[in-house]
Amino acid sequence: MSGPQPEHRGQDHAAAEATAGAVAGEIVEQERRELTPMQRAQRVLHKYQALAPLLFLGFLLVIFTLMSDRFLQPFNMSLIIQQVTVVGTLAIGQTIIILTAGIDLSVGAITVLVSIIMAKMSDGLGVPGIGALLIGFTVGTSCGLLNGLLVTRLRLPPFIVTLGTLSIFFALNLYVSASTTVRGRDMDSLLTATAGKEGTLKIFETPIPLASLGMLLMYVVMTYVLKYTAWGRHIYATGDDPEASRLTGINVNRVLVSVYAVAGLIYGIGAWFLIGRVGAASPQVGLSYNLDTITAVVIGGTSLFGGRGMVFGTLLGAIIVGMARNGLSLAQFDPLWQDFTVGVLVIAAVTLDQWIRRVSA
Amino acid sequence: MTAPATTNDLQPVLQARGLVKNYGRVVALDHANLELYPGEVLGVIGDNGAGKSTLIKCFSGAVIPDQGEIFIGGEPFDLHSPSDSMDAGIETVYQTLAVCPALDIGTNLYLGREKRKPGILGSVFRMLDLGGMREDARKEMSDLGLLTIQDMSQAVETLSGGQRQGVAVARAAAFGQRVIIMDEPTAALGVKESRKVLQLIKDVRDRGIPVILISHNMPHVFEVADRIHIHRLGRRVAVVTPQSHSMSEAVAIMTGATESSMTDEEMAQPASVMAAA
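Residue numbers (my numbering), protein chains in the order written: chain L, 14 to 374; chain V, 65 to 341.
Treat the hints with care, since some could be wrong.
To be verified - Over the 12 angstroms line for every Cβ pair with chain V, so calculated as not near, a few chain L residues: (1) T49; (2) F77; (3) F88; (4) I173; (5) F353.
Stated by the list, open to error - With a straight-line cut-off of 25 angstroms between C-alpha atoms, the simulated SDA-like cross-links for lysine to any residue are: (6) V:K181 x L:S271; (7) L:K240 x V:K181; (8) V:K181 x L:G262; (9) V:K181 x L:V268; (10) V:K179 x L:T236; (11) L:K240 x V:K203; (12) V:K179 x V:G196; (13) L:K60 x V:M311; (14) V:K203 x L:G262; (15) V:K179 x L:V238; (16) V:K181 x L:N264; (17) L:K240 x V:F239; (18) L:K240 x V:F189; (19) V:K179 x L:G245; (20) L:K60 x V:L194; (21) L:K60 x V:G195; (22) V:K260 x V:R228; (23) L:K240 x V:G195; (24) L:K240 x V:L194; (25) L:K60 x V:S217; (26) V:K181 x L:V238; (27) L:K240 x V:D215.
If you are wondering where the hints come from, they were derived from the structure by calculation, not from laboratory data. Even for Gly, the Cβ is constructed at its ideal location relative to N, Cα and C.
Same shape as in the complex, but just chain V (with noise of 0.2 angstroms):
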């Protein structure tokens, strides 16, 4: 099964088709569809509980649904693993952010995928190139401006919540290829921090990656979002854009206190055709 692929920019780059996930006799997602288009920021929101972290966990390998499809690029593809979602150019960012506090940032931001010292000292001796790693999570961290950090080798938990938040932010943005998901990117963020991942979002959509953002702050999805993504109960129930409703509105879907009647279809439209319609 694959999408209505009429023009390049109408193929999905991440889609998901009938996803079941049942953990005992909780039914985390229920028959879920989700369609990520190239260059937007699809922001999935829904109450605690509805499935969101599951879907997305769905997406970056972490959680195998019991049923349904997964298609990066119009391609069938089977996530067994993190690190295949990762081959596959997905990186994500957890809610619980998945950093080794022990660990130093360099070798968080590099973790399971580090940086071998060139020639002979890299292949036979396998040895690792600390000082370029520490490098590049210094420019990585600064490009973000999230470099309150002086010393790459600090360990992480001897930073702040914001700080470990930014580290786990700058990982996916210095090795997403194909697509961002963000959960609650923003949770334990400042006000000054949260503007700068906003930014980012915004900038990393620019430079032609989309990304996938849940957020309980509506008014951080409603600011970044193209199309905002509603779950409820384990499924979609309706795609809105900033324009066509208002916050309130949204939370009303959300929380099922207006039904709504999209079609599947309508939901899967991007926001080019909707906005047409």
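Next up, chain L with everything else stripped away, as it sits in the complex (with noise of 0.2 angstroms):
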């Protein structure tokens, strides 16, 4: 037998032991080597990913009060929570998808494709106004659906099956509306209810909308829903690394497939604020909003990655580039450096992200 002894290898283990033991005591020096302060600014962005957002947001929210006078005023305030509320109702269900390490470049077509045939069933059709809006609810959560089942079923990239959907609805919308607006007034009440004259509430001496009230809402419960459901968990984990979710036992497909549903009716609502706020239903309008909602997600701190961020960063992005916007068109801009800035902001975005998901152990 050529084996080693039983003694022998005792021995040889002791030793190792020896000087693994060693090699360990230089691990936990380097464990406490001071960090720099760029690298705890690291962990802490790392740790708490709303407060590069909100910073900024901070930032600019001086910035713009010093070059203003009129930029804090609460009339002010209230035209940008109104002007971000359709893209940041949207944003929700984009977030979602972006958290799956997906995306959704549909947003606006199914958004356009559902108010107008919520306009369409009310004005042409005589459809009650709640009947209406289920029929259209039911059919943004169809088309997220559509959506899901492709990615899963095909195994096709989100990009791709979005991209394709995008057309498809948008052709969809100007077949179902013949290309032709609807007046809001010739709509059931109920769907032009969330804004306008009738749908606003005076909140300390502040214009707002029952859209923006119901976006605000939105994000409240799909913060709880991600932070403390396992629906919720189990879609940063598809997002962070599909293969392990697969082997803890999650139903990956099933975890995207609902995902995109959700996003649809999500938009679905989203149409219903989009009807309200313009007081019409147009096929031309809210097609800027699938790339809106991407930038919304991509300054608000989540990954475009997967499986990282957060709903709540999503709203304070929505706002950064309403407040960005806005102010730059009171301090007298030309409104083409608004898109610039917006740019801006989105490649910024993207390369803190990049640097804060390289934290280290």
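Two independent chains are provided; combine them into the complex using the hints.
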């Protein structure tokens, strides 16, 4: 027999353990090394994901307040909130999709399609307001479901699926609407009840449309769902590491399909808010939402690589964009600088995310 | 087809018969058999690409074999997904660990079987007991002596490789009711943590839960295993014990330097029968 004798083995172990003990000691020393201020900042930003957008929002508030007296007025704040309401609502759906490491380019198309269907149901077919709403929500959910099924069944990248459905839903929208706008007064009043004169509350002298309150409520609900329910945790897990999630028993495909469907429902509600905000349902309005929602999500600190981020950040992201546009306009910059600024913000936010993700053990 | 069940001790807890798995033209499993008996640690060794990981993934539901049958407690079982296997009481520590780096330790431990709060908060609002899960995670990690981490809300990606492996091992130890499978559980561990995991494997066996240990580390396998299943070219070629064979003899069989002439009946025997023979 050429195998090592048991006594030998024991000695080897003892020796190996002694060496390893010394090595472990060195590792502990390394871990105790002082962190540089940059590393410390990186860790804090990694732990508190909303901190970066929150600080930036504060920075914008100070800058624009200094640049214009009108900026901090209640009326102007109300204007910003009204302007971000629809994008902010839709961005909730975009956030949960991006958390799964997906992306949805068809947001705007679904939203416009739903708003047109709601309006046509009420105006052309005389369906009561509540019926038109529910049909609209169903259509939104179905559109999202279709995206989810294409992503999971055909195993196509979400980018490609939603690029395709973007065109499909938009074409359907043109077909259903016959490329014409439905005026608000031709619809059931429920469809336009989320904004406008009747749909706006005065809170501390600040006019706040019901749609904006609805959006805030949806943020509260989604924050709860993501943090405190198993479904929410599974969304993060799926985006973070789909294979690990599968091995721990999560039905990854079911999570994905449900996320796209829920996002579709959220777009349906966003479509309702859109009708209220515009006071009409137009087949051309709202296509810019495709990219605007992604902008809000990214500036809000949610990672495009999935598994990292929060809806509260998205709300901040949407407000940051709204505030930057509003502040620049009050400071009398040419509107082209608004787009320029938003572009810089997106690139800066993704750069920051990349850096934060590299936090080491 | 069932095992020769004369007494309860001779009834395998887990059994694979004739598993075949092909990936295109690559044969990962070629009519592979395996028996795991109550209260034993079964070491599984084999060269790289011998099909060890594929074999154990058939038990954990992560791979569905093309042919063959799996028996759990003598009953044939169809494992279609990892959750089927987990429901049957089989827990696996994967080589890749299968932890989600961005999620915290408590969440990772309970991933896929989260604990809800009692009462209306849990039933209607589906609220998870985050505090309770973290508390359990802390208890489990410190029971294993793997607790060098204080904060259970820390993201797994901020842990060292060894600590991450600790999380994966703790999860399996906490939930394994019937069988625990460990695929290279000490690969990323230092000597100290490796000792703890080896001790854990013995503790789990002494609690009556059999363990399958896949490892390249021969001293570890020879230290804790009651029987050693040698896998070569997609199938079992020999089953030895640390008493009957030395490490180098086992390695010789594993690499094909020595031909084994064991019959399948001989290889399917529990350790007590092997020792008596």
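Status of each hint after checking the structure:
Chain V leaves L:T49 outside its interface by the beta-carbon criterion, the shortest separation being 17 angstroms against a cut-off of 12 angstroms. Distance to chain V confirms L:F77 as a non-interface residue, since its nearest Cβ pair spans about 34 angstroms, more than 12 angstroms. Its beta-carbon lying about 38 angstroms from the closest one in chain V, L:F88 satisfies the requirement of being farther than 12 angstroms from that chain. With a minimum CB-CB distance of about 25 angstroms to chain V, L:I173 clears the 12 angstroms threshold, and the non-interface call stands.
Distance check on L:F353: its Cβ is at least 33 angstroms (rounded) from any Cβ of chain V, clearing the 12 angstroms threshold; non-interface status holds. Taken as a hint, the V:K181 and L:S271 pair is honoured in the structure, with Cα atoms around 23 angstroms apart against an allowance of 25 angstroms. At most 25 angstroms may separate the alpha-carbon atoms for a hinted pair to count; L:K240 and V:K181 meet this at roughly 14 angstroms. Taking the CA atoms of V:K181 and L:G262, the gap is near 21 angstroms; set against the 25 angstroms cutoff, the hint holds.
Between V:K181 and L:V268 the CA atoms are separated by roughly 22 angstroms; this keeps the pair inside 25 angstroms, and the hint holds. For the given pair, V:K179 sits about 19 angstroms from L:T236 by alpha-carbon distance, which is consistent with the 25 angstroms threshold. Of the pairs offered as hints, the one joining L:K240 and V:K203 holds, with about 23 angstroms between alpha carbons and a cut-off of 25 angstroms not exceeded. Among the hinted pairs, V:K179 with V:G196 is consistent with the structure: their alpha-carbon atoms are about 8 angstroms apart, no more than 25 angstroms.
Proximity of L:K60 to V:M311 is assessed by CA-CA distance (about 47 angstroms); at most 25 angstroms being required, the pair is judged violated. Proximity of V:K203 to L:G262 is assessed by CA-CA distance (about 23 angstroms); at most 25 angstroms being required, the pair is judged to hold. Restraint check for V:K179 and L:V238: satisfied, since their Cα atoms lie roughly 15 angstroms apart, inside the 25 angstroms limit. The straight-line distance between the Cα atoms of V:K181 and L:N264 is roughly 22 angstroms, inside the 25 angstroms bound, and the hint therefore holds.
Proposed proximity of L:K240 and V:F239 is supported: the alpha carbons are some 23 angstroms apart, at most 25 angstroms. Taking the CA atoms of L:K240 and V:F189, the gap is near 12 angstroms; set against the 25 angstroms cutoff, the hint holds. At roughly 13 angstroms between alpha-carbon atoms, V:K179 and L:G245 fall within 25 angstroms of each other, so this suggested pair holds. In summary, the hint linking L:K60 to V:L194 is supported, as the alpha carbons are separated by about 17 angstroms, within the 25 angstroms threshold.
Only pairs whose Cα atoms come within 25 angstroms are accepted, and L:K60 paired with V:G195 is accepted, the gap being roughly 18 angstroms. As the CA atoms of V:K260 and V:R228 are separated by approximately 14 angstroms, the hinted pair is consistent with the 25 angstroms bound. Only pairs whose Cα atoms come within 25 angstroms are accepted, and L:K240 paired with V:G195 is accepted, the gap being roughly 12 angstroms. Pair hint L:K240 plus V:L194 holds up; C-alpha atoms about 9 angstroms apart against a cutoff of 25 angstroms.
A hinted pair counts as satisfied when its Cα atoms are at most 25 angstroms apart, and L:K60 with V:S217 qualifies at roughly 10 angstroms. For the given pair, V:K181 sits about 14 angstroms from L:V238 by alpha-carbon distance, which is consistent with the 25 angstroms threshold. At roughly 18 angstroms between alpha-carbon atoms, L:K240 and V:D215 fall within 25 angstroms of each other, so this suggested pair holds.
Checked against the numbered hints listed earlier, the structure breaks hint 13 alone; every other hint is satisfied.
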